[in-house]
Amino acid sequence: MTDRIKRLREQSLNAVNCISAERAVLITEFYETGIDRQVSVPVCRAMALDYILSHKSICINPGELIVGERGPSPKACPTYPEICLHSLEDLEILDTRKKVSFKVDDEVRKVYADRIIPFWTGHSNRERIMNALPSEWLAAYRAGVFTEFQEQRAPGHTVLGSKIYRLGMNDLMKQVREEITKLDFLGDAFAFEKREELKAMEIAANALVKFAERYAMELESLANEENDESRKSELLNMAAISRHVPADAPRTLHEALQYYWFVHLAVITELNPWDSFNPGRLDQHLLPFFRKDIQEGLITRDTAVELLQNFWIKFNNHPAPPKVGVTALESNTYTDFCLINLGGVKPDGSDAVNELTYILLDVIEEMRLLQPSSMVQVSKKNPENFIRRTLQITKTGFGQPSFFNTDAIIQELVRQGKQLEDARNGGASGCVEAGAFGTEAYILSGYFNLAKVLELTLNNGFDKRTNKQAGMRTGDPELFISFEELMNAFEQQLQYLTAVKMRGNNMIHRIFADFMPVPFLSLLIDDCITNGRDYNAGGARYNTTYIQGVGLGSLTDSLTAIKYHVFEKKTISMSGLLKALAADFENFEEFRKELVYHTPKYGNDDDYADDQARLVFRMFFDAVDGRPTSIGGIHRINMLPTTSHVYFGSVIGALPDGRKAKQPLSEGISPFQGADHKGPTAVLKSASKIDHLLTGGTLLNQKFAPSFFEGDEAINKLTSLIRAYFRMDGHHIQFNVVSAETLKDAQKYPEKHRDLIVRVAGYSDYFNDLGEDLQNEIIRRTEHEGF
Amino acid sequence: MKGLVFDIRKFTVHDGPGIRCTVFFKGCPMSCRWCHNPESQSGLPETSTKAVSLDGRIFTEEETAGTWMEVDDILEEVARDRVFYDESGGGITISGGEPAGQPEFLLSMLKELKTMGLHTALDTCGHTEWKNIVATMDYIDLYLYDLKIIDEGLHLKYTGVSNKLILENLKKLAGLGKKIIVRVPVVPGINDDDESFRALYLYLEPFGKALNEINLLPYHAAAENKYKRFGKENLMKDIKSLPKEALIKRMEELESLGYVVRIGG
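Residue numbers (this note's numbering), protein chains in the order written: chain A, 1 to 787; chain B, 1 to 265.
It cannot be assumed that every hint is accurate.
Label pairs and their calculated CB-CB ranges [stated by the list, open to error]:
id: 1; chain 1: A; residue 1: Gln392; chain 2: B; residue 2: Gly89; range: 53 to 63 angstroms
id: 2; chain 1: B; residue 1: Thr60; chain 2: A; residue 2: Asn587; range: 14 to 24 angstroms
id: 3; chain 1: B; residue 1: Asp138; chain 2: A; residue 2: Met728; range: 47 to 57 angstroms
id: 4; chain 1: B; residue 1: Ser53; chain 2: A; residue 2: Asp302; range: 49 to 59 angstroms
id: 5; chain 1: A; residue 1: Val414; chain 2: B; residue 2: Thr60; range: 51 to 61 angstroms
As a list, the in silico DSS-like pairs of lysine-lysine whose alpha-carbon atoms are at most 25 angstroms apart [as the list claims (entries may be wrong)]:
id: 6; chain 1: A; residue 1: Lys593; chain 2: B; residue 2: Lys228
id: 7; chain 1: A; residue 1: Lys464; chain 2: A; residue 2: Lys569
id: 8; chain 1: A; residue 1: Lys593; chain 2: B; residue 2: Lys178
id: 9; chain 1: B; residue 1: Lys240; chain 2: A; residue 2: Lys593
id: 10; chain 1: B; residue 1: Lys50; chain 2: A; residue 2: Lys569
Please keep in mind that the hints were generated in silico from the structure rather than gathered at the bench.
From a predicted model like this one, the values you see are computed outputs, not experimental measurements.
Think of the CB as a built atom: it goes at the ideal place given N, C-alpha and C, for glycine as much as any other residue.
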């Protein structure tokens with residue numbers, strides 16, 4: 001690591017998260033002009049972006065080679081009052097909450113009190129959404145059946161393809177103008193809408209060029225004041241780069257990185273899209289520039305590494321925009337979920353691992369930063385050495401990179417109807433979500449509490465916690481005479497609640513399409529330009545809306561326990577079981593011990609238990625997959641929790657698997673914490689009994705003691721373990737390499753473990769930043785010590 | 001046919017190549033003082049009490065070590081991890097107790113495993129009639145042959161049996177050209193001294209290439225709890241685990257003499 005990178009990395013690690021009101025003030029100023037009453041919605045949004053980019057602070061950090069921040073300085077986070085409006089109480093919570101706080105100074109509070117809150121109250125998109133949703137949606141939402149992603153952030157959730165490495169903003173504007181000339185106002189009823197959208201795209205593209213020019217000018221003026229000759233020439237070179245890109249296509253590695261970064265800033269300034277935009281297949285996109293620069297002597301391996309490391313730090317400077325309301329309090333982790341993809345296959349299906357892949361792995365290892373997160377795509381075509389090299393990084397215990405099955409991802413995408421080549425250009429983003437990069441809007445709509453569906457079924461649709469009929473009346477469980485009858489009631493309940501969720505999705509999609517288009521993002525994702533349609537309105541080539549199932553392990557174990565104890569062994573009656581649950585197992589301790597220790601559990605390659613996993617997975621799939629969305633897309637499922645299994649657990653009472661009230665659920669498709677006791681191969685076998693290819697992603701967490709990674713042979717065995725799981729179509733696996741002792745020590749002495757990063761669920765976080773319950777859960781997760 | 005098995009463990013990575021599943025037979029002719037699995041010694045199922053904790057509350061449960069299992073039941077269980085054996089070049093290890101103590105059951109299981117095309121390893125203490133070992137030779141890919149103490153008197157003292165038969169059998173086995181790894185448990189105060197290692201070297205040396213792979217298995221002071229539960233006296237109670245450096249020193253010495261040595265399996 002060069003001194004420059006050391007300094008910048010330290011600066012990034014030491015910078016304090018804070019709320020910047022700059023964007024909120026600018027967007028308010030813009031709307032105060034009343035211009036939104038004069039122009040179409042897309043044009044208005046593009047002009048808003050232009051206004052912000054023309055006035056937001058320019059930030060050039062000492063020594064850096066790639067410029068641009070989302071706020072006025074590193075870790076300064078903007079807000080988006082037009083999407084969701086922070087109240088003064090929200091700001092107070094953000095300032096004082098224990099985990100991942102965001103400093104809010106008096107000036108921010110004052111401007112919020114005086115200007116932002118009065119202007120936006122009643123007009124934010126969140127209020128629009130909440131006013132539109134029907135009572136059954138709200139009842140289920142409040143009961144904790146599902147969460148809603150679009151409540152506080154824009155849909156987004158997409159990854160850039162190779163487009164910007166071939167085309168500059170000038171080229172895109174030219175394409176846009178050509179599309180406008182092709183419009184048929186006689187034959188196409190939507191020609192006007194298309195023209196407004198295309199006009200907006202052109203304004204947005206030009207806004208970025210002007211923004212880069214502001215940087216060029218500032219870089220030049222810094223160069224004039226600079227006494228150090230070598231920094232002076234760097235600054236002048238950076239000014240020249242900012243003038244060439246984003247206006248025109250990049251020619252060098254440095255230009256390519258700076259271009260991406262400008263684009264990144266514009267996407268996350270335009271709105272606050274979910275799972276921050278990211279460059280995706282970095283080792284593929286950058287390879288031609290890297291090779292050419294090396295050949296022409298413009299860079300060396302070392303200078304390339306320095307540029308890439310600088311690029312990494314830029315991501316780390318950006319915490320995600322914090323939420324409002326109760327989620328602000330509950331959310332104790334806030335990374336922006338950029339996930340760099342390495343490896344995989346090329347568009348022609350051949351092995352894509354190259355020399356830059358290994359260089360980027362070196363960068364990941366040396367940077368050890370939370371963001372960007374990283375993953376490797378593993379195809380049967382990739383060499384073994386690629387996995388082994390990655391495991392060498394994983395074993396250092398910082399949770400990255402995680403492993404994804406390229407061959408499964410491609411099959412998942414093709415099953416959904418994508419062209420093979422588009423699928424091969426895809427990968428995973430966010431936590432584990434599969435997508436066709438550059439051509440797909442794959443919008444996550446919310447987590448879905450599968451275990452809650454069972455709780456409601458066991459209470460005839462009534463939610464005791466909110467004291468409301470949150471589900472449908474599927475019958476009194478005490479009258480069920482067979483397990484099949486219970487399963488039928490469960491399926492009905494599931495169908496009802498997923499339908500409630502999907503009806504809500506279809507309203508929310510239209511609200512975003514009609515009120516919050518994103519013309520800048522639309523420039524980047526094919527085929528928004530040729531369709532003349534916004535990304536948020538279904539302009540992309542593929543449009544998918546996901547519902548993320550949570551709690552498979554808890555649900556499976558609960559159903560298995562009912563089947564085993566109530567209907568087969570008859571150790572307890574249904575009414576006895578319901579009494580035990582209502583009492584949270586108080587005075588039922590012996591029975592609870594039977595549930596915990598002597599009842600078949602998911603995660604042990606035991607079909608008696610795993611059959612229920614297969615069954616409910618299939619029910620969930622049948623209830624959701626293939627249902628249309630209101631922007632021309634299709635609903636699909638995936639199985640990932642991020643941290644929602646903690647929240648979802650907190651809204652559920654005791655479950656038949658022996659879990660006590662309010663405890664976290666199982667996460668992803670991993671077994672319930674401690675339920676697996678037959679080692680990792682049994683876990684992988686159980687996890688592969690659901691058909692991953694029917695999803696858009698599943699998450700499996702395996703924790704290993706560091707000793708598991710010692711020596712070449714151990715690495716080879718883990719390599720085989722990954723290969724075997726992927727042979728069974730497993731989608732993703734990640735390794736947590738820590739000892740319970742270390743974690744307990746970190747709880748006791750957080751100050752000694754500030755650098756301790758653990759994988760939470762599809763992403764990594766600082767252990768100290770996690771809430772205590774989540775910390776405890778990570779400690780509890782079965783540790784597969786060396787036998 | 002039924003055999004007495006006390007455990008089937010998946011993802012064992014120290015008992016032969018690749019990812020393996022190890023089947024532990026119950027019953028052992030020896031009673032090594034450092035035995036990690038005292039419940040494996042008796043040839044009959046044994047019941048003990050076990051404390052189970054849940055939310056800080058302790059429950060007492062009975063637990064039986066040893067289940068009479070059909071060959072088919074074992075095969076079904078081990079076949080579940082086939083994909084892992086295939087990917088890693090792993091397979092099945094049969095350990096104990098002493099597998100050769102149930103020769104017919106062992107043989108009938110091995111024949112099936114070979115029909116299934118699985119790699120097999122036999123972890124044996126060698127203290128059995130030669131016919132029981134030679135009978136396995138067509139079905140075993142790798143022998144993990146325990147060699148504890150070369151001095152007959154000490155062997156008798158610490159394991160309860162003479163090592164005559166063990167050494168004889170090893171000599172015969174080495175002559176058959178099968179792949180053999182010699183496994184030496186290194187136990188503090190018993191066989192970790194220079195003298196013991198010299199004796200080991202002098203014994204192995206004449207075999208040349210036939211016996212040039214050695215696993216040094218470090219003694220872990222981890223079994224006290226089991227001894228207590230099964231009401232057995234643990235004579236090693238106060239013996240500490242061996243420091244890593246001591247083992248590395250032994251490994252390097254043996255390596256310098258031309259042996260392929262690994263610590264652990």
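Quiz item: What are the numbers of the hints the structure violates, in ascending order?
Solution: Per hint list: 1, 3, 7, 8, 9 violated.
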